[in-house]
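There are 2 protein chains.
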Amino acid sequence: METNLSSYLSANRDRFEREMVDLLRIPSISTESQYAESVAECADKIAADLRAVGIDEVEVVATAGNPIVVAQRIVDPAAPTLLIYGHYDVQPVDPVELWDSPPFEPTERNGRLYARGAIDDKGQVHMHIKALEARLATDAGLPVNVKLVIEGEEEVGSPNLALFLAANAERLACDAVVVSDTGMLGKGVPTIATGLRGLAYMEVHVQGPAGDLHSGTFGGGVVNPANALASIIAGLKDQDNRVTIPGFYDRVRDISDADRKNMKQLPYSDEAFMAETGAPELDGEKGYTTLERIGFRPTLDVNGMLSGFTGEGAKTVLPARAMAKISMRLVPDQDPGEIEQLFTDHVMRLAPTGVTVEVRPHHGGWPWAADPSHPVFDAASAALNTAFGREPVYMREGGSIPIIPLFEQTFEAPVLLLGFGLPGSNLHAPNEWIDLETYHLGIETIARFYDAVAERMG
Amino acid sequence: METNLSSYLSANRDRFEREMVDLLRIPSISTESQYAESVAECADKIAADLRAVGIDEVEVVATAGNPIVVAQRIVDPAAPTLLIYGHYDVQPVDPVELWDSPPFEPTERNGRLYARGAIDDKGQVHMHIKALEARLATDAGLPVNVKLVIEGEEEVGSPNLALFLAANAERLACDAVVVSDTGMLGKGVPTIATGLRGLAYMEVHVQGPAGDLHSGTFGGGVVNPANALASIIAGLKDQDNRVTIPGFYDRVRDISDADRKNMKQLPYSDEAFMAETGAPELDGEKGYTTLERIGFRPTLDVNGMLSGFTGEGAKTVLPARAMAKISMRLVPDQDPGEIEQLFTDHVMRLAPTGVTVEVRPHHGGWPWAADPSHPVFDAASAALNTAFGREPVYMREGGSIPIIPLFEQTFEAPVLLLGFGLPGSNLHAPNEWIDLETYHLGIETIARFYDAVAERMG
Chain W
1 METNLSSYLS ANRDRFEREM VDLLRIPSIS TESQYAESVA ECADKIAADL RAVGIDEVEV
61 VATAGNPIVV AQRIVDPAAP TLLIYGHYDV QPVDPVELWD SPPFEPTERN GRLYARGAID
121 DKGQVHMHIK ALEARLATDA GLPVNVKLVI EGEEEVGSPN LALFLAANAE RLACDAVVVS
181 DTGMLGKGVP TIATGLRGLA YMEVHVQGPA GDLHSGTFGG GVVNPANALA SIIAGLKDQD
241 NRVTIPGFYD RVRDISDADR KNMKQLPYSD EAFMAETGAP ELDGEKGYTT LERIGFRPTL
301 DVNGMLSGFT GEGAKTVLPA RAMAKISMRL VPDQDPGEIE QLFTDHVMRL APTGVTVEVR
361 PHHGGWPWAA DPSHPVFDAA SAALNTAFGR EPVYMREGGS IPIIPLFEQT FEAPVLLLGF
421 GLPGSNLHAP NEWIDLETYH LGIETIARFY DAVAERMG
Chain H
1 METNLSSYLS ANRDRFEREM VDLLRIPSIS TESQYAESVA ECADKIAADL RAVGIDEVEV
61 VATAGNPIVV AQRIVDPAAP TLLIYGHYDV QPVDPVELWD SPPFEPTERN GRLYARGAID
121 DKGQVHMHIK ALEARLATDA GLPVNVKLVI EGEEEVGSPN LALFLAANAE RLACDAVVVS
181 DTGMLGKGVP TIATGLRGLA YMEVHVQGPA GDLHSGTFGG GVVNPANALA SIIAGLKDQD
241 NRVTIPGFYD RVRDISDADR KNMKQLPYSD EAFMAETGAP ELDGEKGYTT LERIGFRPTL
301 DVNGMLSGFT GEGAKTVLPA RAMAKISMRL VPDQDPGEIE QLFTDHVMRL APTGVTVEVR
361 PHHGGWPWAA DPSHPVFDAA SAALNTAFGR EPVYMREGGS IPIIPLFEQT FEAPVLLLGF
421 GLPGSNLHAP NEWIDLETYH LGIETIARFY DAVAERMG
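So the protein sequences, as listed, match chains W and H.
So the first sequence is residues 1 to 458, counted in my numbering.
So the second sequence is residues 1 to 458, counted in my numbering.
If you are wondering where the hints come from, they were derived from the structure by calculation, not from laboratory data.
Just to be clear, a hint being listed does not mean it is correct.
Heads up, simulated BS3-like pairs for lysine-lysine below, C-alpha to C-alpha not over 30 Å straight-line [unchecked claim]:
no.: 1; chain 1: H; residue 1: K187; chain 2: H; residue 2: K237
no.: 2; chain 1: H; residue 1: K261; chain 2: H; residue 2: K187
no.: 3; chain 1: W; residue 1: K237; chain 2: W; residue 2: K286
no.: 4; chain 1: H; residue 1: K261; chain 2: H; residue 2: K286
no.: 5; chain 1: W; residue 1: K237; chain 2: W; residue 2: K264
no.: 6; chain 1: H; residue 1: K237; chain 2: H; residue 2: K264
no.: 7; chain 1: H; residue 1: K237; chain 2: W; residue 2: K237
no.: 8; chain 1: W; residue 1: K286; chain 2: H; residue 2: K261
no.: 9; chain 1: H; residue 1: K286; chain 2: W; residue 2: K237
If you only want the chain W side, here are some residues facing chain H, beta carbon under 7 Å, derived [claimed, not checked]:
no.: 10; residue: P92
no.: 11; residue: G308
no.: 12; residue: V317
Quantities reported herein were computed from a predicted structural model and do not represent experimental measurements.
Yeah, the Cβ is synthetic: ideal placement off N, Cα and C, and Gly gets one too.
So here's chain W without its partners, still in its complex pose (with noise of 0.2 Å):
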């Protein structure tokens, strides 16, 4: 059976990529409509993938926005199953001059694939479709329930999700959830993250005058809406890098003895964050290391921002208008509603005279950490030693999946997070890639994973 499953994963490797290829070139970027039509037919192409090997209960649902793909392969009422979630949707590809090789034309090089969704998410779900495909093909068998829910709006916020989890809840009904759309602390240290930061997202929009005025005629008489924006933002701030939002860390629990005796084992260093990032020197929240400012402090970033005259030379106007795209990452207990409201009356607060300030909330997202002592995690932990021939770590993950909390809830089990990017894979950014070579030793992990689950739940 070993050899059979080994044989079998090694034999079709280049197939496999070939595959994650056909699903890469299809732009289902969620965040602009005029992709939908790519969207549904990214629905449709999992679907299908799905079905192809060996999936026999697979449904397309259409919901109010993007549709969800369902999947589940019973093989035993009494074994535990298993509830897989992923999405095929991708973020926007922006600045496009900026990628070396067209964003839905993945490109192998130096054994990477580079492509949009290469890494976030739609390489992450292939994997689980090919380690299922790996079972079933073979006499290995799968030894667990398998049930999936691949969604198309994760880039934008899962706005369709919460209704639909509840609504089939106990069509879903699990013993795990698996998520597979983080990222390991280095090549070859297989990884667990344990936590999860939430997200508050704002638009910060400052009007001035009614329309762009010349700046000699009126330039001192009016306030200037992008320098009274760059008050507010710059206010949001103090010199410690600490946010000066009243209230903002108020629920922000304290980091455990035990988080950091573990972050001190990682191996990690700054001068390789550094070099990864590429930035002139590494600086954040004062009394807080680069490790904890990610993974256990909540921050504030400006996303995007935008006012007046940008273009080649130098045109006098007194703009209008500013705007500025506003995101909070936030940590357990910070409660995202709450902090969109303190953060829209502090900023109001900061608005000058002059101009006409208005905050608009995006979507927000609850922060989440693991219980690691669930036997989910020692299975994972079993399945990657076995194909990355190494323990994995634990650590908390700076990102957002804002969804998390919600399937432990929905289901009262533990969520696992099983995730393959690398450092550095540029999701979000221009260039995004998977690493071929842990994309085959992600398969085999999931592969290996289902044995180790029907051995410690069943």
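We have chain W already, so just place chain H on it with the hints.
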């Protein structure tokens, strides 16, 4: 003679307007290199128009940049000589979607002609051409010598004009310089501008990480260049809207009692100014009135600002870089070169760790104030009074014409700013316009000004 001139002006109103439309159709944008051909076409058109009205010596002079149209009509070496300066280049048109009619398809609505360059400055150059026509085509004749310098690089800081004027100082020698590139305090309120602000125009570029990063995976660990830029901009002004750059105000002249008295007499109201701007409230440097803030005080305005993702939706990116265009309007005796250096030094002091900051100067310009005791001011007053039926007001303009001090120095002659733009003309903004009634009164003023000059300076 008098009747002849008046009736000629009345009889040719429609044709004058049609000819102005032809001039405004040419997209002579000097700030964007792809319009170079239209800029050259516009120079030729000005030259042709001058020849057509009877200016016998006309030349289109090539420079390292855009050509300069030079022309003259010497009627009597003993008569006073006026040097008319104007510019045929225009500002860019973005955001073009805010124009109610295309910027280079001049459109008349409610007595106004809408087009880029309608008032700044092609429409006003056209007034001079038509005033010359009216004198030369009638038995009124021309009682003074007229020289013209119409350049094509005013909107990019006139980089080649200084060299040209120095090289042609003898050929262009004159008793007074006349420039129609400023505005009137209100419709029917003839205005002579007695001061202009100078300009220092800077770009600030902030570089954080080498490329855009995921704001979750990296947020908190590296310094965000957009947040950094906002802090820098906010640090350039204090709560009282005073510029905080050390030394910025050192050379600023106090406002004289005579200037304060003159301002009190101007037909001006904050309410009307506010309505014109559409700002929700007026505010500016503490301790000064709006007229003082615009005419006598320097300021600092963001003209444009850009970073990260500014499209539809919520992209969770930590941007690699952020940029702002920031200009300062200067007043006597501030020195633009010195201010550029003080600005740069202060920005570098404000720059936080973790980012790389670069400051680049664009073109600058000296501030200027007139000596209104010269007889050319009295001549202009008389002509304006005759045409408009009202004594002109004297006031400081907030805008900049960086080459005015240059003319004063090169020719050791006074500069008269005889402008006809009305408030709200949207120069440098969408929907720029010229008031057609004022256009014709402007032509009449200039046509009568020649006599007033001959009488007072002959």
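Right, here's what the structure says about each hint:
About 35 Å separates the Cα atoms of H/K187 and H/K237, which puts this hinted pair outside 30 Å; it is violated. With a CA separation close to 22 Å, the supplied pair H/K261 and H/K187 stays within the 30 Å bound. Taking the CA atoms of W/K237 and W/K286, the gap is about 12 Å. The hint holds against a cut of 30 Å. For the given pair, H/K261 sits about 20 Å from H/K286 by alpha-carbon distance, which is consistent with the 30 Å threshold.
The straight-line distance between the Cα atoms of W/K237 and W/K264 is roughly 28 Å, inside the 30 Å bound, and the hint therefore holds. This hinted pair checks out: H/K237 and H/K264 have alpha carbons roughly 28 Å apart, not beyond 30 Å. Between H/K237 and W/K237, the direct Cα distance comes to roughly 17 Å. Compliance with the 30 Å bound is thereby established for this hinted pair. Proposed proximity of W/K286 and H/K261 is contradicted: the alpha carbons are some 54 Å apart, above 30 Å.
Pair hint H/K286 plus W/K237 holds up; C-alpha atoms about 26 Å apart against a cutoff of 30 Å. For W/P92, the suggested interface contact is upheld, since its CB lies about 6 Å from the closest CB of chain H, less than 7 Å. The interface hint given for W/G308 is met, as the beta carbon of that residue sits about 4 Å from the closest beta carbon of chain H, less than 7 Å. At about 5 Å, the closest approach between the beta carbon of W/V317 and any beta carbon in chain H falls short of 7 Å, and the interface hint on this residue holds.
Of the hints listed earlier, those the structure fails to meet are numbers 1, 8, in rising order.
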